[in-house]
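Undergrad: These are the residues of each chain, in order.
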Amino acid sequence: MFARPTTLRPADVAIRVGIVGLALATGYIHSTLGGLLFTLNAVGYVVAAIAMVIPLALAVRFRWAIRLGLMGYAATTIIGWAIQGPYYSTAYLAKGIEVALIVLVAIDFVRMDGNPVTVIRRELGSLVALVTRRSGQAGAAA
Amino acid sequence: MKRLTLILGLGALAAVLAACSGSSASPAAPAGSVDPNAIVVTAKDLKFNPTEVSAPADTAFEIVFDNQEGAPHNMKISDSTGAEVFKGEIVTNQKVTYQVPALAAGSYPFICEVHPDMKGTITVE
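Protein chains in written order, with the numbering used here: chain A, 1 to 142; chain B, 1001 to 1125.
Rather than coming from a laboratory, the hints here were simulated on the basis of the structure. Computed from a predicted structure; not experimentally measured. Heads up, the beta-carbon is just placed ideally off N, CA and C, and yes, glycines get one too. Among the hints, a few may not be true.
Reference listing, derived: stretches of chain A covered by chain B, where coverage requires no fewer than 3 residues with Cβ under 8 Å from a Cβ of chain B [said to hold, decoys possible]: (1) 27–34; (2) 42–48.
Derived Cβ-Cβ restraints for the label pairs, each shown as a range [said to hold, decoys possible]: (3) B:1084 to A:47: 33 to 43 Å; (4) A:28 to B:1046: 30 to 40 Å; (5) A:11 to B:1060: 55 to 65 Å; (6) A:31 to B:1119: 20 to 30 Å; (7) B:1099 to A:115: 27 to 37 Å; (8) A:14 to B:1107: 50 to 60 Å; (9) B:1094 to A:75: 30 to 40 Å.
From the derived model, a few chain B residues whose C-beta atoms are all more than 10 Å from chain A [unchecked claim]: (10) 1059; (11) 1066; (12) 1071; (13) 1072; (14) 1074; (15) 1078; (16) 1094; (17) 1115; (18) 1120.
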């Protein structure tokens, strides 16, 4: 269930701490705004922050997807705000944090997973192989 | 690679610092010497109270906006076409006085910019 401990370099630890801190910071800001949408947004950031560090084997195996998801989540939040506003100091602070978060997660992705295109291609290949194997087993059983 | 990481890291830091210097520019003043005929609107539990208010036509007027909760609120007033005619400063747990310019007779919906579900109407007559 839990992944075997891995050795992280100090820079990796600092980046990960930064990611968690920024995610929790923007999550906290959203939690203070009131309303269902902002609260759900805050919950999303807290869940993402936990997913970035939890040592579960499944989370470690798919950390690349969590990184992509977190970048997409923050980008969606920024785009949503850019379209609808409101434009005031707290919102600018939250968006600055989210931009910094995306940059840090991108750095983390490159350091831990490498080229995103290669990663996605590799994972798609694994998925296709799995589906092919499963359908082959199902055909043999029939 | 290390240089790229450093540049991206500094970029992230700059983004946060730039965001911290952001400012809100909208008309508001602390509720001090207020017109006794000023309209009073409170915001609490993500609702305006009252939601229907009246104001004189062709005369500038004041709205004492009292946000009684931790969530940020303001009043943005639009005309019947949806064009913005006034936007108050967003405040938290604070009472401010908005100086609204003279408006022609008519019905003007207002909302909170942060929570667009908070709605009301100013009838100018």
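Undergrad: None of the hints should be skipped; say for each whether it holds.
TA: Against the structure, the hints:
no. : hint                        : result
1   : 27–34                       : holds (count 3)
2   : 42–48                       : violated (count 0)
3   : B:1084 to A:47: 33 to 43 Å  : 36 Å, holds
4   : A:28 to B:1046: 30 to 40 Å  : 19 Å, violated
5   : A:11 to B:1060: 55 to 65 Å  : 59 Å, holds
6   : A:31 to B:1119: 20 to 30 Å  : 24 Å, holds
7   : B:1099 to A:115: 27 to 37 Å : 57 Å, violated
8   : A:14 to B:1107: 50 to 60 Å  : 57 Å, holds
9   : B:1094 to A:75: 30 to 40 Å  : 32 Å, holds
10  : 1059                        : 28 Å, holds
11  : 1066                        : 16 Å, holds
12  : 1071                        : 3 Å, violated
13  : 1072                        : 6 Å, violated
14  : 1074                        : 8 Å, violated
15  : 1078                        : 14 Å, holds
16  : 1094                        : 13 Å, holds
17  : 1115                        : 5 Å, violated
18  : 1120                        : 17 Å, holds
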